[in-house]
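**Q** Construct the complete structure from the given sequences, taking the supplied hints into account.
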Amino acid sequence: MTDNSIALTTDSIVWIVVAAIVLLYLASAIRILREYERAVVFTLGRFKGVKGPGLILVLPFLQTMARVDLRTIVLDVPTQDLISRDNVSIHVNAVIYFHVVDAERAIIQVEQYIYAMSQLAQTTLRSVLGKHDLDEMLVERDKLNIDIRAILDGQTDAWGIKVSNVEIKHIDIDESMVRAIARQAEAERERRAKVINAEGEHQAAQKLLEAAEILARQPEAMQLRYLSTLNTIAGERSSTIVFPFPMELMDLLKTGKAQA
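Residue 155 in our numbering sits at position 113 of the sequence shown, and the numbers go up by one each step.
Worth double-checking, as some hints may not be accurate.
Unchecked claim - Derived SDA-like pairs: lysine to any residue, alpha-carbon spacing no greater than 20 Å straight-line:
{"no.": "1", "residue 1": "Lys-211", "residue 2": "Lys-93"}
{"no.": "2", "residue 1": "Lys-204", "residue 2": "Val-100"}
{"no.": "3", "residue 1": "Lys-211", "residue 2": "His-133"}
{"no.": "4", "residue 1": "Lys-173", "residue 2": "Ile-215"}
{"no.": "5", "residue 1": "Lys-90", "residue 2": "Glu-146"}
{"no.": "6", "residue 1": "Lys-90", "residue 2": "Val-100"}
{"no.": "7", "residue 1": "Lys-185", "residue 2": "His-212"}
{"no.": "8", "residue 1": "Lys-185", "residue 2": "Asn-135"}
{"no.": "9", "residue 1": "Lys-236", "residue 2": "Ala-246"}
{"no.": "10", "residue 1": "Lys-185", "residue 2": "Val-170"}
{"no.": "11", "residue 1": "Lys-211", "residue 2": "Asp-177"}
{"no.": "12", "residue 1": "Lys-93", "residue 2": "Ala-69"}
{"no.": "13", "residue 1": "Lys-204", "residue 2": "Thr-114"}
{"no.": "14", "residue 1": "Lys-211", "residue 2": "Arg-168"}
{"no.": "15", "residue 1": "Lys-90", "residue 2": "Gln-151"}
{"no.": "16", "residue 1": "Lys-185", "residue 2": "Glu-209"}
Keep in mind the hints are simulated off the structure, nothing from the lab.
**A** Now the structure itself:
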């Protein structure tokens with residue numbers, strides 16, 4: 043009677059231990075994924091599938107999982123030193139917004155996709171901006187953002203990553219270059235002022251030529267213009283009146299001297 047009781051007790055303990063081990067094994071297999079997370083599951087090293095969100099089972103020792111966040115990631119690209127096409131040394135940094143659209147490729151096709159994205163963004167930023175002048179970087183920043191985004195999006199498509207936006211934050215230049223650019227801008231403003239002044243003189247000369255041609259058609263018109271000018275001078279209370287010397291009379295005097 044005592045031996046049977048001991049045997050029954052030993053069997054019960056064994057079953058209890060086995061049941062506890064099974065429960066612990068199943069409990070360790072339980073994983074809970076949030077709505078924005080996915081799990082890439084591998085069974086004995088081979089790709090099994092993508093699971094989630096919610097409650098999933100990953101068998102210990104047989105399966106492993108890699109958790110992938112599907113939310114938009116904001117990547118701050120460190121400041122890059124580069125030389126523009128017009129040989130200006132500048133410092134540029136940017137920010138990139140991207141998210142994972144295919145968790146399987148993001149884990150299998152590339153190692154540490156966030157680090158890979160950071161390195162690719164740095165090299166692309168230097169490559170694209172190095173092909174443009176400083177003025178283009180400052181004026182056409184939106185166009186450069188679109189070009190960089192298109193390049194990054196095309197290269198990361200195989201990784202299951204979608205680049206949604208790229209923004210160049212700061213373009214800094216050395217203090218010596220700031221003074222040089224200020225002198226260049228001042229010279230450019232002076233050049234434009236001279237060009238505008240010359241264009242004004244050209245237009246004024248063109249209008250005077252047209253007026254002279256119109257007055258030359260009718261000599262009476264020139265006499266009326268002369269009287270109008272005298273009226274204007276008289277209205278200014280001036281004691282000095284200037285009489286224009288007709289050029290035709292000058293020609294007659296020259297002709298008379300020649301004949302004499």
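**Q** For every hint, state whether the structure bears it out.
**A** To see whether the hints hold, each was checked on the structure:
no.	hint	verdict
1	Lys-211 with Lys-93	violated (38 Å)
2	Lys-204 with Val-100	violated (28 Å)
3	Lys-211 with His-133	holds (11 Å)
4	Lys-173 with Ile-215	holds (17 Å)
5	Lys-90 with Glu-146	holds (10 Å)
6	Lys-90 with Val-100	holds (11 Å)
7	Lys-185 with His-212	holds (15 Å)
8	Lys-185 with Asn-135	holds (16 Å)
9	Lys-236 with Ala-246	holds (15 Å)
10	Lys-185 with Val-170	holds (11 Å)
11	Lys-211 with Asp-177	holds (16 Å)
12	Lys-93 with Ala-69	holds (18 Å)
13	Lys-204 with Thr-114	holds (9 Å)
14	Lys-211 with Arg-168	holds (14 Å)
15	Lys-90 with Gln-151	holds (15 Å)
16	Lys-185 with Glu-209	holds (10 Å)
Hints 1, 2 from the list above are not met by this structure, while the remaining hints are.
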